[in-house]
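Enquirer: Read off the chains here:
Number of protein chains: 4
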Amino acid sequence: MSQPTDDAPLFVAELAVRWRDLDAFNHVNNSSYLTYLEEARLQWLGQIRGPWFDDAAMPVLAASELNYRLPIAWPATLQVELRCERLGNSSLTLAHRIVDAADPARLYSDGRVVLVWMNPLTGRAVALPAAVRSAADR
Amino acid sequence: MSQPTDDAPLFVAELAVRWRDLDAFNHVNNSSYLTYLEEARLQWLGQIRGPWFDDAAMPVLAASELNYRLPIAWPATLQVELRCERLGNSSLTLAHRIVDAADPARLYSDGRVVLVWMNPLTGRAVALPAAVRSAADR
Amino acid sequence: MSQPTDDAPLFVAELAVRWRDLDAFNHVNNSSYLTYLEEARLQWLGQIRGPWFDDAAMPVLAASELNYRLPIAWPATLQVELRCERLGNSSLTLAHRIVDAADPARLYSDGRVVLVWMNPLTGRAVALPAAVRSAADR
Amino acid sequence: MSQPTDDAPLFVAELAVRWRDLDAFNHVNNSSYLTYLEEARLQWLGQIRGPWFDDAAMPVLAASELNYRLPIAWPATLQVELRCERLGNSSLTLAHRIVDAADPARLYSDGRVVLVWMNPLTGRAVALPAAVRSAADR
Numbered sequence: 001m002s003q004p005t006d007d008a009p010l011f012v013a014e015l016a017v018r019w020r021d022l023d024a025f026n027h028v029n030n031s032s033y034l035t036y037l038e039e040a041r042l043q044w045l046g047q048i049r050g051p052w053f054d055d056a057a058m059p060v061l062a063a064s065e066l067n068y069r070l071p072i073a074w075p076a077t078l079q080v081e082l083r084c085e086r087l088g089n090s091s092l093t094l095a096h097r098i099v100d101a102a103d104p105a106r107l108y109s110d111g112r113v114v115l116v117w118m119n120p121l122t123g124r125a126v127a128l129p130a131a132v133r134s135a136a137d138r
Numbered sequence: 139m140s141q142p143t144d145d146a147p148l149f150v151a152e153l154a155v156r157w158r159d160l161d162a163f164n165h166v167n168n169s170s171y172l173t174y175l176e177e178a179r180l181q182w183l184g185q186i187r188g189p190w191f192d193d194a195a196m197p198v199l200a201a202s203e204l205n206y207r208l209p210i211a212w213p214a215t216l217q218v219e220l221r222c223e224r225l226g227n228s229s230l231t232l233a234h235r236i237v238d239a240a241d242p243a244r245l246y247s248d249g250r251v252v253l254v255w256m257n258p259l260t261g262r263a264v265a266l267p268a269a270v271r272s273a274a275d276r
Numbered sequence: 277m278s279q280p281t282d283d284a285p286l287f288v289a290e291l292a293v294r295w296r297d298l299d300a301f302n303h304v305n306n307s308s309y310l311t312y313l314e315e316a317r318l319q320w321l322g323q324i325r326g327p328w329f330d331d332a333a334m335p336v337l338a339a340s341e342l343n344y345r346l347p348i349a350w351p352a353t354l355q356v357e358l359r360c361e362r363l364g365n366s367s368l369t370l371a372h373r374i375v376d377a378a379d380p381a382r383l384y385s386d387g388r389v390v391l392v393w394m395n396p397l398t399g400r401a402v403a404l405p406a407a408v409r410s411a412a413d414r
Numbered sequence: 415m416s417q418p419t420d421d422a423p424l425f426v427a428e429l430a431v432r433w434r435d436l437d438a439f440n441h442v443n444n445s446s447y448l449t450y451l452e453e454a455r456l457q458w459l460g461q462i463r464g465p466w467f468d469d470a471a472m473p474v475l476a477a478s479e480l481n482y483r484l485p486i487a488w489p490a491t492l493q494v495e496l497r498c499e500r501l502g503n504s505s506l507t508l509a510h511r512i513v514d515a516a517d518p519a520r521l522y523s524d525g526r527v528v529l530v531w532m533n534p535l536t537g538r539a540v541a542l543p544a545a546v547r548s549a550a551d552r
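If you read the protein sequences in the order shown, they are chains V, X, S and L.
Under my numbering, the first sequence has 109 at position 109, and the numbering climbs by one with no breaks.
Under my numbering, the second sequence has 228 at position 90, and the numbering climbs by one with no breaks.
Under my numbering, the third sequence has 390 at position 114, and the numbering climbs by one with no breaks.
Under my numbering, the fourth sequence has 438 at position 24, and the numbering climbs by one with no breaks.
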């Protein structure tokens, strides 16, 4: 975790693992990692200054890439660190690190998702909302 | 879908979308795609000849890469096509295509997951079970 | 299953258990039963003649009562039988039986849910839509 | 919340609603309430003095009864209050109240679940573990 200051995350969400996130192998199921990322992402978007969506510009997930580094047990508290990896005209690549809140050197997952803002009526990509661009571009 | 015969999927699972797979945006949530892949993968493994795991060799998901091509609505029936993309000593890369069963030209998602067989006691990668290697290597 | 004809279900949904429905005890998690009921209920509502909701009348779940008779394993195919137990001005009590499709004498769960149609703007109960009343009242 | 002191809950769990708990109606899905109860129950069991299960005595859910009093939005923090309503030889009835942590007068759900301790090998009910009886009997 000796990252330079200018690589500070955009946002860090602290989330509790739920027992229901486990599967029959007694580890957090792979699909729950995407739920953790979604929760962190929406918490981040919810606290930026200005609207991050409207009727003509909604974010959709275009791609996800996850590495599963270590199994996650229950109970645990996680930190989900989000960083902007790429800022396009219509899209945003958010890199993540999921670590243990009690031991941040314990990396459970890294990877990224690509979000694209679309007009739900036309299905076309639209420009990123100004508030999102501003919040992501630091 | 004019794929050559030798590119026939290893396995095709037919799955029903559930209303609960939708999220507040009224489309199937991104995490449910991993559940569809898991279901297809376990159905495939469940029908191969011979054991695909034992106490000393269990598959774990090491990585996932998904492209979300089109939103999925409810109700729908999906086909999940699995293909072996790479066969390593301990690992297997399974590519997928999720299409609409009623219109297989409608591609909802493609991508891949990497599975690694591990000894849960030692945490070390182990050789792929013979039955898995044989089923994947065609 | 020697029930008299006039006790025939309103609707029977056939649903596949998913591996993700299991929890760390390797049985279908108790919350998934409500998802099975929801799926069956929405399939029933989706096929009745006439609208079952509009902007001024939406169903909400007011109560649920479930008995868990036997654990459900994976894989399995279930049949969810729905019967109307009570028809009120604004509410509908739907009884259920979840049985194994391959062995309908195998009863996994019975119980009921109460649905109330509400105006989402006012939060007041409203009359059941005519199509719902008609479909439920046999 | 003017309950007498001797009606203090056995346990109060504080849980964060996740966006994924919402369904397409933009409220927390009815199945997620059971997940909240499960999480609270397992947190309670996890902190009692002494073992609450072993190979010959595992709790299974026998029944659930939930009233859905108010819709739950996201984001929100919930308090799940658990009270012992009945203590049998093999079973425990746990009543619940789910309230808003920021406004505990806001009651989202009440009801109860019945847990029975079973020997998983024989499928027979067994005596409640002493630690559970002691923790529940106040």
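Just so you know, these hints were derived from the structure itself, not from any lab.
Hints may contain errors.
[As the list claims (entries may be wrong)] Derived CB-CB ranges, DEER-like:
hint	chain 1	residue 1	chain 2	residue 2	range
1	X	S272	S	R382	33 to 39 Å
2	X	R187	S	N302	55 to 61 Å
3	X	P189	S	R414	48 to 54 Å
4	V	P75	L	D551	23 to 29 Å
5	S	D330	V	G123	44 to 50 Å
6	V	A131	X	F163	18 to 24 Å
7	X	D248	S	E290	28 to 34 Å
8	V	A24	S	T398	53 to 59 Å
9	V	G88	S	N302	43 to 49 Å
10	V	A24	L	A487	42 to 48 Å
11	V	T77	X	F163	25 to 31 Å
[Claimed, not checked] A few chain S positions that, by computed beta-carbon distances, are all more than 12 Å from chain L:
hint	residue
12	A284
13	A292
14	F301
15	A338
16	N343
Quick caveat, the model's predicted, so the values are computed rather than measured.
Backbone N, C-alpha and C fix where the C-beta goes; we use that ideal spot for every residue, glycine too.
Enquirer: Decide, hint by hint, whether the structure agrees.
Expert: Now the hints, each set against the structure:
1. X:S272 <-> S:R382: 33 to 39 Å: 35 Å, holds
2. X:R187 <-> S:N302: 55 to 61 Å: 24 Å Cβ-Cβ, so the 55 to 61 Å window is violated.
3. X:P189 <-> S:R414: 48 to 54 Å: Given a distance of about 51 Å, which is inside 48 to 54 Å, the answer is holds.
4. V:P75 <-> L:D551: 23 to 29 Å: 25 Å, holds
5. S:D330 <-> V:G123: 44 to 50 Å: 26 Å, violated
6. V:A131 <-> X:F163: 18 to 24 Å: 19 Å, holds
7. X:D248 <-> S:E290: 28 to 34 Å: 29 Å, holds
8. V:A24 <-> S:T398: 53 to 59 Å: 45 Å, violated
9. V:G88 <-> S:N302: 43 to 49 Å: Given a distance of about 44 Å, which is inside 43 to 49 Å, the answer is holds.
10. V:A24 <-> L:A487: 42 to 48 Å: 32 Å, violated
11. V:T77 <-> X:F163: 25 to 31 Å: 28 Å, holds
12. A284: 26 Å, holds
13. A292: 17 Å, holds
14. F301: 7 Å, violated
15. A338: 6 Å, violated
16. N343: The assertion about N343 of chain S is violated, with a minimum of 5 Å to chain L.
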